[in-house]
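Participant: Quick mapping for you: the protein sequence lines, in order, are chains E and U.
Reading the first sequence from the start, the letters are residues 51 to 252 in the working numbering.
Reading the second sequence from the start, the letters are residues 29 to 145 in the working numbering.
Bear in mind the hints are in silico, worked out from the structure with no lab data behind them.
Cβ coordinates follow ideal geometry from the N, Cα and C atoms, glycine included.
Misleading hints may appear alongside valid ones.
[Unchecked claim] Here are the computed lysine-lysine pairs in the DSS-like style, where the Cα-Cα straight-line distance is at most 30 angstroms:
1. E:Lys132 with E:Lys218
2. E:Lys132 with U:Lys30
3. E:Lys225 with E:Lys107
4. E:Lys107 with E:Lys117
5. E:Lys143 with U:Lys38
6. E:Lys143 with E:Lys84
7. E:Lys129 with E:Lys173
8. U:Lys134 with E:Lys218
9. U:Lys38 with E:Lys173
10. E:Lys129 with E:Lys117
11. E:Lys129 with U:Lys38
12. E:Lys92 with U:Lys134
13. E:Lys225 with U:Lys38
14. E:Lys143 with U:Lys30
15. E:Lys84 with E:Lys129
16. U:Lys133 with E:Lys218
17. E:Lys107 with E:Lys129
18. E:Lys107 with E:Lys218
19. E:Lys143 with E:Lys91
20. E:Lys84 with E:Lys132
21. E:Lys84 with U:Lys134
22. E:Lys218 with E:Lys143
23. E:Lys173 with U:Lys30
24. U:Lys30 with E:Lys225
25. E:Lys218 with E:Lys92
[Stated by the list, open to error] Reference excerpt, derived from the structure (chain U facing chain E, CB under 8 angstroms, subset only):
26. Leu32
27. Asn34
28. Ala120
29. Arg122
30. Ser126
31. Leu128
[Said to hold, decoys possible] Which bits of chain U does chain E cover? Going by a derived footprint, with three or more residues having C-beta under 8 angstroms, they are:
32. 53-64
33. 94-104
Take a look at the letters that make up each chain.
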Amino acid sequence: MKTPTQVVRLIATLLLACCASIPAFGQNPRLQIKNLDKLSKKASEVVDVTLDESMLKLASRFMADEKDEDDAEAREIIKDLKGVYVKSFEFEKEGEYSEEDVEAIRSQLAAPGWTRVVGVRSKHDGDNAEVYLMTDSNTRNILGMAIIAADSESLTVVNLVGPIDIAKLSALEGKMGIPRMGLDKEKGKPSQKQAASHDEKK
Amino acid sequence: MKDLENELRKVLERREPPDGFAERVLAQLEPAPVPEPGWREALISLVRLPGLRWAAAGAVACLLLTLGALHYRRVQQERAAGEAAKAQVMQALRIASSKLNVTLKKVQETDRRLPRA
């Protein structure tokens with residue numbers, strides 16, 4: 051038999067647990083990028099990838115070839131992901147997309163949980179690249195990732211939903227047709243400390 | 029009393045039936061109803077017919093072939109969807125990795141250019 055004090059403590063603990071879980075429920079690493087669909091008509095090249103968890107699981111089943119290194123690495127990266135969404139547009143001339151198009155994505159990344167870990171802006175050629183991570187406020191685990199890469203004639207938005215190993219994603223350079231960038235691996239790892247943006251001023 | 033006994037004996041004494049009595053009775057009897065065959069018996073009797081036996085075997089073979097073809101088609105569709113999903117994953121990872129690395133490379137280059145304290 052519980053005393054009234056114990057019952058009150060139990061209720062208070064339950065309420066506290068509920069309140070603590072509210073921010074976790076509110077964190078949604080899935081971005082709404084459908085607003086970019088209108089750019090398809092203007093673009094000379096479009097890549098549109100929409101893969102939810104079931105499609106990723108289906109794809110994993112077809113990456114079961116242990117001998118294929120690319121398959122094995124890709125499967126390892128996507129194994130815990132809940133979604134992969136990419137929209138990439140190449141334009142033949144400048145000014146085909148507006149700053150508002152990008153701002154609609156960026157405003158979602160201002161929501162709690164998202165942190166810009168890397169930001170590069172070149173005033174010289176208009177290159178703009180930003181990497182954002184959503185982390186769980188309690189566990190600090192990565193819940194999702196977003197990349198916005200834009201220059202005068204192209205725009206790419208990548209949204210990976212779920213725990214992603216950035217080091218493994220970066221380590222794909224030189225494989226799967228990805229150009230080798232010659233990254234300094236020690237410096238290449240983005241960390242929370244690197245959250246401050248780097249503005250490249252040429 | 030004796031008269032009564034005599035009369036009873038006379039009434040109850042055994043008498044032979046008239047000629048043709050048994051035949052007449054049997055002729056009036058209705059023939060016994062033949063039991064209707066059940067669906068199993070009907071099916072078995074149908075299968076016993078040589079032509080129908082082949083037709084049934086053909087129908088079963090057609091059914092099996094159709095089911096096999098449908099299963100094969102479903103497997104092929106699933107394989108196509110899986111291969112397409114895999115190609116999409118590879119393309120997405122290619123884009124994500126290269127954009128991430130381009131960004132990281134620019135950060136590294138900027139860091140190198142910055143004067144060391």
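Participant: If a hint holds in the structure, say so; if it doesn't, say that too.
Facilitator: Verification of the supplied hints:
no., hint, result
1, E:Lys132 with E:Lys218, "17 angstroms, holds"
2, E:Lys132 with U:Lys30, "119 angstroms, violated"
3, E:Lys225 with E:Lys107, "22 angstroms, holds"
4, E:Lys107 with E:Lys117, "19 angstroms, holds"
5, E:Lys143 with U:Lys38, "137 angstroms, violated"
6, E:Lys143 with E:Lys84, "22 angstroms, holds"
7, E:Lys129 with E:Lys173, "38 angstroms, violated"
8, U:Lys134 with E:Lys218, "19 angstroms, holds"
9, U:Lys38 with E:Lys173, "146 angstroms, violated"
10, E:Lys129 with E:Lys117, "18 angstroms, holds"
11, E:Lys129 with U:Lys38, "113 angstroms, violated"
12, E:Lys92 with U:Lys134, "28 angstroms, holds"
13, E:Lys225 with U:Lys38, "127 angstroms, violated"
14, E:Lys143 with U:Lys30, "146 angstroms, violated"
15, E:Lys84 with E:Lys129, "25 angstroms, holds"
16, U:Lys133 with E:Lys218, "16 angstroms, holds"
17, E:Lys107 with E:Lys129, "8 angstroms, holds"
18, E:Lys107 with E:Lys218, "19 angstroms, holds"
19, E:Lys143 with E:Lys91, "13 angstroms, holds"
20, E:Lys84 with E:Lys132, "18 angstroms, holds"
21, E:Lys84 with U:Lys134, "29 angstroms, holds"
22, E:Lys218 with E:Lys143, "34 angstroms, violated"
23, E:Lys173 with U:Lys30, "154 angstroms, violated"
24, U:Lys30 with E:Lys225, "135 angstroms, violated"
25, E:Lys218 with E:Lys92, "34 angstroms, violated"
26, Leu32, "104 angstroms, violated"
27, Asn34, "109 angstroms, violated"
28, Ala120, "4 angstroms, holds"
29, Arg122, "5 angstroms, holds"
30, Ser126, "5 angstroms, holds"
31, Leu128, "6 angstroms, holds"
32, 53-64, "violated (count 0)"
33, 94-104, "violated (count 0)"
Of the hints listed earlier, those the structure fails to meet are numbers 2, 5, 7, 9, 11, 13, 14, 22, 23, 24, 25, 26, 27, 32, 33, in rising order.
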